[in-house]
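Undergrad: Build the complex from these two chains, which are given one at a time in their own frames, with help from the hints.
Read off the chains here:
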Amino acid sequence: MSWSCVIVEDLQVAADYLAKCCEKSGQVEVKAHFTNVAEALEYLNKHSVDILFLDVEMPGASGFELLDQLAYFPKVFLTTSKSEYAYDAFEYNVTDFLKKPFTFQRFQEALNKLTQSGGDNNISSTAADHIFIKSDGKLVRLNNDDILFIESMGDYVKFVTPDKKYITHNTIKNLEEKVNRQYFIKVHRSYIINITKIDDIRENDLYIKGHEIPVSKAHKQDVLKRLNIL
Amino acid sequence: MEPNSFSKKFIFNEKIDSDYLYGLYADDYVYIEEVFATTLQHFDADFERLKAAWEEGNLHDLKKAAHKLKPTFGFAGLTAVQEQLKQFEDLCQNSTSTAQLKSDYTRIVTTLAESKDLIASEYQKLKVFNANPL
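Protein chains in written order, with the numbering used here: chain A, 1 to 230; chain B, 1 to 134.
For the record, the hints were derived by calculation from the structure and aren't laboratory data.
Because the structure is a prediction, the values reported are computed rather than measured.
Cβ atoms here follow ideal geometry from the backbone N, Cα and C, with glycine treated the same way.
Be a bit skeptical, because a hint or two may be false.
Claimed, not checked - In silico DSS-like links for lysine-lysine, alpha-carbon gap of 25 angstroms or less:
| hint | chain 1 | residue 1 | chain 2 | residue 2 |
| --- | --- | --- | --- | --- |
| 1 | A | K20 | B | K125 |
| 2 | B | K116 | A | K20 |
| 3 | B | K86 | A | K82 |
| 4 | A | K197 | A | K158 |
Claimed, not checked - Pair ranges (Cβ atoms, derived):
| hint | chain 1 | residue 1 | chain 2 | residue 2 | range |
| --- | --- | --- | --- | --- | --- |
| 5 | A | S25 | B | K102 | 29 to 37 angstroms |
| 6 | B | D90 | A | K164 | 39 to 47 angstroms |
| 7 | A | D155 | B | Q124 | 48 to 56 angstroms |
| 8 | A | D68 | B | A37 | 33 to 41 angstroms |
| 9 | A | K138 | B | L40 | 40 to 48 angstroms |
Stated by the list, open to error - Calculated from the model, a selection of chain A residues having no Cβ within reach of chain B, i.e. all distances over 12 angstroms:
| hint | residue |
| --- | --- |
| 10 | K20 |
| 11 | V49 |
| 12 | V56 |
| 13 | F64 |
| 14 | D155 |
Extracted from the complex, chain B is given alone in its bound form (with noise of 0.2 angstroms):
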């Protein structure tokens, strides 16, 4: 299903992979609200796993909540997010201590918190757009 025959489009904020979105979802724009709300549900529960992991100075824990974290956002439409992830999980497993990567783990997190506004934000315009029924 092309985004041309949708009946009514949303428009996403330019930072969500639109297409990407509809290659999953297609117009259903409920279920996108859904999958925000559940995005939104249990962010915070990991990306405190992350945080406390790199407290503890803890490589393999750190990478791990990295790899969990990293699908979130793909189904989110952050294409870009879940690369970073990507990058910063290898990273991981390159390193030998988590002090190697602390600009890179001070880069993840803030962009890991302004997806999370985002997301929040997207998910409040849906739900608008969800009740209007034209």
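Isolated chain A (complex conformation) (with noise of 0.2 angstroms):
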């Protein structure tokens, strides 16, 4: 399997449907099915998935609202019976729009779209050139070559860009999962930083326009191998 799955749907035989074409594919693996956006949103603050296959109206809350809710940005398909709803899917960067009920050729026509865009099985955010993040209340585009570096602050984490600090739920471990890897290399257990970003390094810490940022001892080799030292 390459890829976890949510599904979130209320319509049971969609979500069966929807079940039995991740498994035909061989390609995804589904960890849970929830039928509102309240379970759906508990469980997924608290696993990290790759893609998220949801319902756009749903009882309760709507598919949307849970995106608005959602510390971090799987790839979303949206599975609705209503084309109204693909200008939204366009703000919110969906990956796919399925229309219900649609055809297993079909199903996998969207998840090459992961593919494409990502590149081999890597369908995290890695290859993108920004990121959006939850913070007060509204998603925030940040561009990699932005952020300075991502600090742990137990269940949040902070983003500090050259003129702004951006706090959200989230957490070191699953970021490094899903920041761009070219522009980000983990430092310590409680930093993530700009490869780009560093001025200079001297013993067991960095700096970032004068900010120290500790650099362990089981990531150094890493980060020194990662610099074009002469």
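TA: Next up, the structure:
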């Protein structure tokens, strides 16, 4: 299996069919199925998955409200029977829009978009030049080049840019898998830094725009290997 | 996979779009039986929700109930019913009160009840078909 997924769908026959498509593809493992947003959100904020198959209209909150509250960004496939959501789908940067009922061939085409956009089986945001984070009730786009480093704050992390700090509900462990590794490297259990922003390194600390960041023994060699040392 | 290449072929009721069903499930008749069973298992609750919304004059819930029922019939190959539900959902969207929808509602409720009976009957026939290995 290449990818893990969660299905959020209140129509049982549709959820079953989707699970069958996942199984048939041999590429997607269904970790859980939820029929409402609240339960799905609770699970998703504790368990990171690669793909989210998400219905839009469900009892209680909508699929888009789930995306608003999610602390990270799996690849999202909207599954709905209404094409009117296409604009919102675009706004939320979803990977594809599967209009129910869809054929297995259409499902497979949707999965193919992951490999086309992400390269190989890497479907996290690691190939992107930006990330979106949820901060102060809104989705904020941060370009990789603007992020100096990311610091752990327990159940939260702080994204530090030259002129602003953004705090969001997430963990360094989860982000390690999601950030673009061309730019970012973990240097300590509490820090991921932008490798292109390092000003200097002294013993077990590095400096980025005046911020002193510890480098653990376990990560020091990895950091040094990434530097262009003459 | 083309229906002509199936090793055995079930003859669906003419109201069921068999080409559409084969497009979804090919000749996996056991799975189609499962789809019909799941549809029947959940139909009553969803149908009751539609009727309750009508009784309450709640246009928003009426539209939501129609929206949920819509793909159910697509999965069962009743594409004409799916389309009828889509039109009803659109009518709900563009109406200001349920009173404007009385004749459409009566028509859709009749269609849904008949469709449930049809799926139940096809389900029974499929069960027999799938139980027969030849």
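Undergrad: Going through the earlier hints one by one, which of them does the structure break, listed in rising order?
TA: 5, 10 and 12
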